[in-house]
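Protein chains: 2
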Amino acid sequence: MQTVFEFKEKIEVFSWASAVGKSEHDGPLGRLFDFWDETDRFGKNTWELAESELSHAVLALALKRAGLSHREVAFLFSGDLQNQCVASSAAHVEEEIPFLGIYGACSTCTEGLLLSAVMLNAAEEPLVGAAVTTSHNSAAERQFRTPIEYGGQRSPTAQWTATAGGAFLLRRGEQHPHIVRAMPGIMVDGGIKDASNMGAAMAPAAAASILSYLRLTGTAPADYDAIVTGDLGREGSALLEMLLREKGVFLGDRHRDCGNMMYDPKKSDCHAGGSGCGCSAAVLAGHFLPCLAEGEYRRILFLSTGALMSPASIQQGGSIIGVAPVIELVGGNGNG
Amino acid sequence: MQTVFEFKEKIEVFSWASAVGKSEHDGPLGRLFDFWDETDRFGKNTWELAESELSHAVLALALKRAGLSHREVAFLFSGDLQNQCVASSAAHVEEEIPFLGIYGACSTCTEGLLLSAVMLNAAEEPLVGAAVTTSHNSAAERQFRTPIEYGGQRSPTAQWTATAGGAFLLRRGEQHPHIVRAMPGIMVDGGIKDASNMGAAMAPAAAASILSYLRLTGTAPADYDAIVTGDLGREGSALLEMLLREKGVFLGDRHRDCGNMMYDPKKSDCHAGGSGCGCSAAVLAGHFLPCLAEGEYRRILFLSTGALMSPASIQQGGSIIGVAPVIELVGGNGNG
Numbered sequence: 002m003q004t005v006f007e008f009k010e011k012i013e014v015f016s017w018a019s020a021v022g023k024s025e026h027d028g029p030l031g032r033l034f035d036f037w038d039e040t041d042r043f044g045k046n047t048w049e050l051a052e053s054e055l056s057h058a059v060l061a062l063a064l065k066r067a068g069l070s071h072r073e074v075a076f077l078f079s080g081d082l083q084n085q086c087v088a089s090s091a092a093h094v095e096e097e098i099p100f101l102g103i104y105g106a107c108s109t110c111t112e113g114l115l116l117s118a119v120m121l122n123a124a125e126e127p128l129v130g131a132a133v134t135t136s137h138n139s140a141a142e143r144q145f146r147t148p149i150e151y152g153g154q155r156s157p158t159a160q161w162t163a164t165a166g167g168a169f170l171l172r173r174g175e176q177h178p179h180i181v182r183a184m185p186g187i188m189v190d191g192g193i194k195d196a197s198n199m200g201a202a203m204a205p206a207a208a209a210s211i212l213s214y215l216r217l218t219g220t221a222p223a224d225y226d227a228i229v230t231g232d233l234g235r236e237g238s239a240l241l242e243m244l245l246r247e248k249g250v251f252l253g254d255r256h257r258d259c260g261n262m263m264y265d266p267k268k269s270d271c272h273a274g275g276s277g278c279g280c281s282a283a284v285l286a287g288h289f290l291p292c293l294a295e296g297e298y299r300r301i302l303f304l305s306t307g308a309l310m311s312p313a314s315i316q317q318g319g320s321i322i323g324v325a326p327v328i329e330l331v332g333g334n335g336n337g
Numbered sequence: 002m003q004t005v006f007e008f009k010e011k012i013e014v015f016s017w018a019s020a021v022g023k024s025e026h027d028g029p030l031g032r033l034f035d036f037w038d039e040t041d042r043f044g045k046n047t048w049e050l051a052e053s054e055l056s057h058a059v060l061a062l063a064l065k066r067a068g069l070s071h072r073e074v075a076f077l078f079s080g081d082l083q084n085q086c087v088a089s090s091a092a093h094v095e096e097e098i099p100f101l102g103i104y105g106a107c108s109t110c111t112e113g114l115l116l117s118a119v120m121l122n123a124a125e126e127p128l129v130g131a132a133v134t135t136s137h138n139s140a141a142e143r144q145f146r147t148p149i150e151y152g153g154q155r156s157p158t159a160q161w162t163a164t165a166g167g168a169f170l171l172r173r174g175e176q177h178p179h180i181v182r183a184m185p186g187i188m189v190d191g192g193i194k195d196a197s198n199m200g201a202a203m204a205p206a207a208a209a210s211i212l213s214y215l216r217l218t219g220t221a222p223a224d225y226d227a228i229v230t231g232d233l234g235r236e237g238s239a240l241l242e243m244l245l246r247e248k249g250v251f252l253g254d255r256h257r258d259c260g261n262m263m264y265d266p267k268k269s270d271c272h273a274g275g276s277g278c279g280c281s282a283a284v285l286a287g288h289f290l291p292c293l294a295e296g297e298y299r300r301i302l303f304l305s306t307g308a309l310m311s312p313a314s315i316q317q318g319g320s321i322i323g324v325a326p327v328i329e330l331v332g333g334n335g336n337g
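The listed protein sequences derive, respectively, from chains A and B. Heads up: the first sequence begins at 2 in my numbering, then just goes up one per residue. Heads up: the second sequence begins at 2 in my numbering, then just goes up one per residue.
Be aware that a few hints might be false.
Said to hold, decoys possible - Listed next, the in silico DSSO-like pairs over lysine-lysine satisfying Cα-Cα at most 27 Å (straight line):
| # | chain 1 | residue 1 | chain 2 | residue 2 |
| --- | --- | --- | --- | --- |
| 1 | B | K9 | A | K11 |
| 2 | B | K267 | A | K9 |
| 3 | A | K9 | B | K9 |
| 4 | A | K194 | B | K45 |
| 5 | B | K23 | B | K194 |
| 6 | B | K194 | A | K45 |
Source of the hints: derived by calculation from the structure; they are not laboratory data.
The task is simple: from the sequences and hints, build the whole structure.
Here is the structure:
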C-alpha cells in the first residue's frame, strides 16, 4: 500500500556540501561543486579509502558551514555502493555520530533524506540529523564490473559511475529548502538483466513512483518546477518519457536527470550518462538546493533511482530491480 | 550526540514468524522456529535464492497469521549480508510493498525495528509496517570468506553464520509486545582486523550502547528482565562482561546472546557461537517475543550487534567496526 508521508513538521535542509572527481569537475556543473580532486584519490592510497575520505570531508564541510560539530548531530543515514557499504562506515567511525546504514543502490540519497525527515518528525525534541551519500567510479567499476585497468569496451547504454558525494544537514523548519512530503518506492522488475543498461532497469520504477505520487497527492506535473530523477541517463530518460506518455503524463522540460546533467556527452566518455548514488547527491547539493534557496525553483520532486543487483545476482541470471523513493522539496522562506 | 527516542506512540509487534536451516533446527531452540529446511535450500537452486525464499516465506507467514495481505503493508525495512543486499530485494520485489533497504551487518534486525517504530510515529495515520532480516550460512561463507566446499580450517574464535530469518509486523498499540524507546548506535573501532573474530569486534560497540542507554534513561540492569545482544558469541560475550565490569556494570544472568543460544557447542561445529543478521531475528521471533507475550519477561533491551566490514576492507587492512542500536521492548497488555 503506497503511502505519501505528509510531515507534520517541515524538515529543512539547512546546510549542505558536495564534492566530485576530475571527470565530474570537467562537466557542465563542475564549478557548482564545493571541492574536487584531480586524481580522484582525495589523498588516500586506495579507491575505497578515497571514497571514505570524500564522504567524511563533505559532511565536515556541511557542518563547518553551519557552525556545528559532529557531536551536535543526533543521527547519520549514510550509504554507498561498495560491498557492505564500507565506504560509509569507515568514513564516519571516528565522528561518534549515531549511525544508521542504508542501501538503496543509486536511490540512497533520497532514501537518506526521507528517513531523516521521518526521524526528525518522530523525535520528541528538535534535533539535527545528517544524510551523506557517495560513489566512486574506480571503486565501483572493479567491484561491479571489471577493474578500470582492464580497459574493457563499454556498451553504448552503459553509464559512468560518478565519483561524487553530497552531505545534508536537516532539522525542523522551513526557512531553508525543506521536505514537505515523501513516499517510499515500490520495487519494479522490468526484466532487464544487463548490468550495462541500468537506465532501462530503473525507468519503470521511476515511472511508477511519479504516477503514484501524482495520483496520491492529487497533483500534476505543472505543480512542480522540476521533476528530478537520479541517474536514468539518456537511455532511461527516454524510456521514462515513453512510459509516462502511455499513461497520458507529459513532463516535458520539467524532467531533469542528474545523470544527464553531470557530464557533457560531446566532451566525455560517459556513454549514456552518469550514475552512482553520489551523482544525484552531488547534483542536489550543487545545483537544485541552491536553486530552491535562491527562488529559481519553488517546488520540485526529487527521486533518486536505484538499480538493485549484485555481481552474483547478475551471474546467476537475476533481474536488475528498480526502486525510486520520492521527496517533495519546497524553497525556503528565508534567504536560503 | 547519542539520543534515546522516546516514542509518543508505542509500537507493537503484533505478528511475527521465523525460519531456520538444518543446523539451527538441530540446536537448543530448534522447536521454537516456525519452519526449517533440512537441505538449507528452501526449494531453490542457489544459496542466494534460498535466502530470498526464506525472507519471502517468513513475511508471508507473519502476514497470514495476522490475516493481512502484502497490499496492506505501508513499508518494508529489509536487509541481509549478501553484497548489495540482493537477498532482500529479490525476495520482496513481487510483493509491491514500498521498500527501504538497510545495511547494518548483524545489527540489521534491531535497525529495521527501530526505523519501523520511527516511521509509524511519523505517519499521520495508523499504518502497518514490516521488518524482515535474514542470513544464510552458505551464501555468506563464500562471499565473506571461502566457499564451504573448500573446507578451510576454522579458527576457535570464528562464529557460524546462521541460516535463519525473522519477519515482524508492527503498528501503533500496546496490546502485544511493544517498542517503547530506541537508540541508534555509535560505531566503535576496537582495532580488530580478524574476520574470524567478529565477537571481539562487536563487543566494544555493545558495551558502549548499553552504558549510554542506561545513563540516558536513568535505568539499571535490574530494571530489565533480559539484556539481549545479537551475536557476540562466547568470545564477544566474555569481552562484553569484562568491558562492563570495568565501568562497574554487572549484567549477570540478565545477559543473553542470541549467538550463544542458537547452537549447542557440545553437539555442533559452531566454534564461538552463531552469527549472521538472521540469528538475532529468528531468536527474537522464536523465543523473546513469545516470552514477552506470555508474561515470562516484562521488559527487555534488545541490541543486535553488527560488524561493519567487507572482504575488500579486510584485505586492505581495515578494522572491523562495531555498531549496536538498541530497542526497549515491553510485554503486551493483552494475551500477546
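Hint check:
1. B:K9 x A:K11: Given pair K9 (chain B), K11 (chain A) holds - Cα atoms ~18 Å apart, limit 27 Å.
2. B:K267 x A:K9: 55 Å, violated
3. A:K9 x B:K9: Roughly 14 Å between the alpha carbons, so the hint for K9 (chain A) and K9 (chain B) holds.
4. A:K194 x B:K45: 19 Å, holds
5. B:K23 x B:K194: 30 Å, violated
6. B:K194 x A:K45: With a Cα-Cα distance of about 19 Å, the restraint between K194 (chain B) and K45 (chain A) holds, given a limit of 27 Å.
Hints 2 and 5, counting from the list given before, are not met by this structure.
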